[in-house]
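Chains as they are written, first to last, in the working numbering: chain A, 1 to 319; chain B, 1 to 319; chain C, 1 to 319; chain D, 1 to 319.
Keep in mind that the hints were calculated from the coordinates and are not lab data.
Treat each hint with caution, since some may be false.
One copy or two, it doesn't matter: identical chains are merged, so the pair holds either way.
[Claimed, not checked] The calculated DSS-like cross-link candidates involving lysine-lysine, where the alpha carbons are at most 30 Å apart (straight line), are:
| # | residue 1 | residue 2 |
| --- | --- | --- |
| 1 | Lys38 | Lys302 |
| 2 | Lys133 | Lys302 |
| 3 | Lys38 | Lys165 |
| 4 | Lys137 | Lys302 |
| 5 | Lys133 | Lys38 |
| 6 | Lys58 | Lys133 |
| 7 | Lys58 | Lys20 |
| 8 | Lys20 | Lys165 |
| 9 | Lys133 | Lys165 |
| 10 | Lys165 | Lys137 |
In this text, all values refer to a predicted model and were calculated from it rather than measured experimentally.
Number of protein chains: 4
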Amino acid sequence: MAEPSFDVAHLGHVELYTDKFAESLDFFTRIYGLTASKVGDGVAWLRAFDDYEFHTLKLTANSTTGIGHVAYRASSPQALARRVTVIEGMGCGIGWVDDDEGHGPAYRFTDPDGHIFELYYDTRIYEPPEDEKPKLKNIAQRYHGRGCSPRRIDHLNLLALDVGKIRDFMVQALGSRVTEQIQLDNGRLGGCWFTVNNKSYDIAYTEDHSGTSGRFHHVTYAVDQREDILRAADIFLENGVHIETGPHKHAIQGTFFLYVWEPAGNRVELANAGARLILRPDWPTVTWTETERRRGQAWGLKTIETFHTHGTPPVQKKD
Amino acid sequence: MAEPSFDVAHLGHVELYTDKFAESLDFFTRIYGLTASKVGDGVAWLRAFDDYEFHTLKLTANSTTGIGHVAYRASSPQALARRVTVIEGMGCGIGWVDDDEGHGPAYRFTDPDGHIFELYYDTRIYEPPEDEKPKLKNIAQRYHGRGCSPRRIDHLNLLALDVGKIRDFMVQALGSRVTEQIQLDNGRLGGCWFTVNNKSYDIAYTEDHSGTSGRFHHVTYAVDQREDILRAADIFLENGVHIETGPHKHAIQGTFFLYVWEPAGNRVELANAGARLILRPDWPTVTWTETERRRGQAWGLKTIETFHTHGTPPVQKKD
Amino acid sequence: MAEPSFDVAHLGHVELYTDKFAESLDFFTRIYGLTASKVGDGVAWLRAFDDYEFHTLKLTANSTTGIGHVAYRASSPQALARRVTVIEGMGCGIGWVDDDEGHGPAYRFTDPDGHIFELYYDTRIYEPPEDEKPKLKNIAQRYHGRGCSPRRIDHLNLLALDVGKIRDFMVQALGSRVTEQIQLDNGRLGGCWFTVNNKSYDIAYTEDHSGTSGRFHHVTYAVDQREDILRAADIFLENGVHIETGPHKHAIQGTFFLYVWEPAGNRVELANAGARLILRPDWPTVTWTETERRRGQAWGLKTIETFHTHGTPPVQKKD
Amino acid sequence: MAEPSFDVAHLGHVELYTDKFAESLDFFTRIYGLTASKVGDGVAWLRAFDDYEFHTLKLTANSTTGIGHVAYRASSPQALARRVTVIEGMGCGIGWVDDDEGHGPAYRFTDPDGHIFELYYDTRIYEPPEDEKPKLKNIAQRYHGRGCSPRRIDHLNLLALDVGKIRDFMVQALGSRVTEQIQLDNGRLGGCWFTVNNKSYDIAYTEDHSGTSGRFHHVTYAVDQREDILRAADIFLENGVHIETGPHKHAIQGTFFLYVWEPAGNRVELANAGARLILRPDWPTVTWTETERRRGQAWGLKTIETFHTHGTPPVQKKD
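Just chain A, same shape as in the assembly:
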């Protein structure tokens, strides 16, 4: 048996584009409940109350929506070096950048669908100002209770034209494990869930039927309890946020979910995984068939149509 790699520690942050910067920033801070470490001109570094880094969401003003890049933190400087060697060897590397105040040098590369990734080790730890210091020193910031108040970044979901290629790529580039996947009747992979650690997934890819590459499906933060998600549903309702689907429980991964669209149209999720973790080192990939998927979510909810069609940036003609 080949040994698993532990070179990559965790998902670090996601850069999201918005063409409604002020509205998106208001959504993420006042309603969704993230805290801004810094707000600049058309850019904001945001994080959940127990995210230990300077930021886990970078919100960037742009002419359109969708994803800027995804970043993972390596387990050590040595592990970072090992991964860069692997990725360079795969021929998808772009090179080193050192241009963000949220972390140190990062190695930039692309996935087969054109999404940009970064891998870094040196990071900037969040230092709470006096009025954000927690009463219990084992959390990164006080529990402020503002808006939905998620605890930490959890995962993101990207769209790709060929999920099968992505599968090979992620396993090789990041050493990710494939915890669950959808096997379509036509032989293609419909979706794939990956993890680099004990979380059940930190990134998922699902097939993009629009013919456009490089698109974004959603980003997710984790709350401690399912009740936090039910409460969030009322917060979204009262603030006029478009609730797309949920709260309900996914059959895949068993996640309790709620999906909304932030003002610029990017899909955002709140999720709770309960006490579920992938601790088993030889976890066998769980494969779902199309027939099984037709049964809907765990408790029978049919997947809403927009969940299959809406991605960002929108596709010109059909979205």
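Using the hints, position chains B, C and D against chain A.
Frame of chain A; chains B, C and D shown alone:
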């Protein structure tokens, strides 16, 4: 920076002694909500509904209470071999055993306080009988909803005369990280929380003031939601189980807890950690002072006296 | 201002017909979590753990499904007498019966859609056998934690061809208050929610589009927490129970709901109203328009088609 | 059997004195999560998001702490008139006042311990400003999610030198039912819980051992879920609010509770009763003995000493 070790995957199981086998077995299955994979003569292999192995709790009839042994599963055969070499070099090894139907060959060794540990890789996967098959195939067994119905084993807590020695031992032997600890005014460590993966802890040690070594404090299973613990409190109440303390939230690790004594006197906990994980690879140990500990638990509950004195087996004179 | 009437204290029980008696009884006791006070030949008297009467659900074997009768308990013998006088004056009285071991003499009458009602005061208090005695003496039976374990009967929903007539009837016959209603564009009432006490409703009627009168929509028991409903969803899933819709929150009345079909096809709900009560003595009826209803449930879930068509007994041709 | 009275509809509001007006107002609005309908000079009218009246808490600057008065709303003008006749006949009436902008004319009287009560029918309905209008029109104000965000006023607890006298008084004056009580070994009543409607209690009295009359124990607002109370504990912790005891479940009434002291020292509770209601019209009073009380709260928590001694205003010498 030395690279972290990922040789040990997770806590595997705990063997608990009971001098009231039938009553303890009834407690763990009907009230606490574990499922017996097998019940033999004076021995039972138990597990929570989403534990993937044959057992995570071995209940063994004995003349007294306390712990038989603790077992961790390695990440791979190679990792197991590496660890055994380290442990043998430390001079605390006992040797290989292959005598349990729950897993394959295990290397046995002792901690500085005399507790027995095992490390293994080959394991027996739980195969649910027809009526225990889950409707969603990504969990190990159906959610049966019987008793407290925890999801998985979470951690255990052992007592030791010298927690400082234990600290060095666990870091070296298992490659554990020390996530939190209590620094007493007298220079000694009052308690230490360790993890080999992304859980905030899988084993904790606290100082035994009784002068007796090798004792057990508690074993803990995880439930998905804090509400499961509030519900469990009513189940324990109605079944006449001694509730020692809780539900409340620990300041250390932020765990939402409930402690009871099973019929033979071993302390058992139900816990929920919310979405909290130790994903940061360079997590700095959080150290609590005696002064901080005197503030009580997170929301002010004073720690009950028996929590400091009651361990199993009981100490002859004072317990 | 006319003074409100407090003659009727609360919904007492519902008699439900089943053509699969054994399966229905298994559902209601083992899965839904009611307790049988008595099981006879083709009849069972069931109740939730904190229902104080001998039964709140009478399950009766029959050639079809649907409702036998609905019973309310009066506030006093004098109040019962007053109500009977009113009802007799309305010309819909049937007369006194005294044929059920769950309560004393009851006055029988019909609503304009042909459903049978009873009103009684003398009742039989549930006396728990030794092993069902609660540890806290202010609840009727121990919290057993079996299945979904609801606390008490909450309400029922009947179908009627003319909800407007029902509205006048319930206000006059039982002195009910109309807390909410649906006003259709065609001038008809689409639904009406009534209460005789501080609960937000104890009975609801919605329009039956099948042309058949006397049909049943659902009966509901209340759980203490929304988490109990999420947990119940997994219990229903694992036991192969048909989950029709939910969990979600109704816009009308704000109830958190989950609807399933018991084995014979009768719709059964689990619900939680939070801390919501109708304490205001001059509560003004809340009226929802068709346009408002089209927005779906509170968080946007579209009402499932069967919710409008499935009632019991089934209509011969279309159901 | 004498018929129960339904003349009094519900607890209307409590006037609380504070000698730290600004700090108390900040606590009740920003942390506890009430909304101010109006703030004047040294007086504020506050309410929870689903309280339908202009105010349920009147906060009044004073030289000390404790209670100003308690007010109940009658079921109708006729019911108000009936009650006033009864109360005048009891010899404890003070007379009519019409001096508060939160409601119309109120009849003022005193309980045997000197606390001031008011009874009124004409009231001022809360009219939400545009940005506080709820998205669902069956609640009084939008769910704002600020601080602890309770739904409605629930009950208050007063101290009295002779609870036995209070018992007779409340039954006669308000037509209250005694749902639970504590019978001390010395023949005195240690505590008494009353309700005028289907809530399990709207006011409680417990014995004041200080020898001082007219004191206040606590006021309570209801949240929808127990999880709201666990979440509130973190909010109180992070805001430096003194948490006295809880969260835990009372044996008496089964209420899930959390007690804190607002900045001026008045005790404030958050509570959840689950789905428990007193619907039974002939509810027999539940009597607890001293021996039963010594067992502690429902899950074994020992009642904290200050709970028996701390009341407001403080007693000069010993508090």
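Which of the listed hints are not met by the structure?
The structure breaks hints 1, 3, 8 and 9; every other hint is satisfied.
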